[in-house]
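Student: The residues making up each chain are set out below.
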Amino acid sequence: MIRRLIMLLALALALPAVAQDKLPPAPYAYRQLDNPALEAKAKALMESLRCLQCQGQSIADSDAPIAGDMRNQVRLRIAAGEDPEAIRAWLIERYGDYVSFKPEIDSMTWPLFAAPITLLAIAALILRRRYTGRTKA
Amino acid sequence: MNDAPQPSRMALWLPLGIFTGFIALVMVGLYRPASREVKSAMVGKPLPAFALKQAVPDRPGLARTDLIGGKPRLLNIFASWCVPCAAEAPQLEALRRQGVEVDGVAIRDKAEDLKGFLARNGNPYARIGADEVSAIQFAIGSSGVPESFVVDARGTIRYQHIGDIAADQVPMILAKIREAAQ
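Those sequence lines, one after another, are chains W and G. No gaps in the numbering here: position 41 of the first sequence is 41 in our numbering, and each next residue is one more. No gaps in the numbering here: position 3 of the second sequence is 3 in our numbering, and each next residue is one more.
Pulled out of the complex, with its shape left as it was, chain W reads as follows:
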């Protein structure tokens, strides 16, 4: 029992392996924009940008400092009147498609979109053949 308590205590007190900075979060990391329409735009964009540190999370979901800094940058740019898709393009120019969660159709990804349509078309063709064949017979 005591051993278990000590282990729990050790777990609770353990320092994270990755060091963190001591600076307060960037101004707009956790503060919403005053204009609700702009904040909604920023939120939609932040939900579809990948956190570079945690990688499985969007910057809207992540508490990593670099995600906070990216939210700050997104909100400031939106507040300055920049178009969300222009900000996304700016980031893709720097990190590649990886930084964006929004699916894009390009020379690499088109089979993903074409495959289901092709399979459905083939299935429809097979079914039609089968049924028209049966009525004739």
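Among these hints, one or two may not hold up.
[What the hints assert, rightly or not] Pairs of lysine-lysine residues, derived as BS3-like cross-links and limited to a Cα-Cα distance of at most 30 Å, are as follows:
(1) Lys115/G <-> Lys41/W
(2) Lys53/G <-> Lys110/G
(3) Lys22/W <-> Lys115/G
[As the list claims (entries may be wrong)] Computed footprint of chain G on chain W, listed as stretches where at least three residues anywhere in the stretch have a Cβ under 8 Å from a Cβ of chain G:
(4) 51-59
(5) 68-76
(6) 92-103
[Claimed, not checked] One side of the interface only, derived from the structure: several residues of chain W facing chain G at Cβ under 7 Å:
(7) Asp21
(8) Leu23
(9) Pro24
(10) Ala26
The set of hints was computed from the structure by calculation and includes no laboratory data. Being a predicted model, the structure only gives us computed values, none of them experimental. Just so it is clear, CB atoms sit at the ideal spot from N, CA and C, and this is done for glycine as well.
Since the structure of chain W is provided, determine the placement of chain G on it from the hints.
Tutor: Positioned in the frame of chain W, the structure of chain G alone reads:
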């Protein structure tokens, strides 16, 4: 016998074959060690404009213009709170002794923490700019600390090194600097 063509024996096995192939693909994807590195797409492109104020009193700040002209330089993204950055310090010092100008950007750092870090680990930097909101990282496609970028005399980013420069990687970095000088 009906006149419909009999599916060949091979065709009967085809769905199972496709299924097995799919499972194999999934397994390969699952067990392949995932790379957590995010490569910058800015390699080969000009360094974006920036101007950072000085991070410590005894070194000037850093702007894009400081990195252009004369010779290639090493732009090192680091922080006092970053453990591998301390491990990297001797290698940066070794590069400085070999004549490489190392310019630093301190990410989300406090001046007093940075002073302590430089006192403990040495100060190989010609200039250190303070970036409190990771802005320079986003501008050059860097996703963590430490990262080092070789910038040539025209201000083009020539090489990105992700993570700390290990002792055995110093000659490779030197070669990249020399390559950028041509």
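Student: What are the numbers of the hints that this structure violates, sorted from low to high?
Tutor: 1, 9
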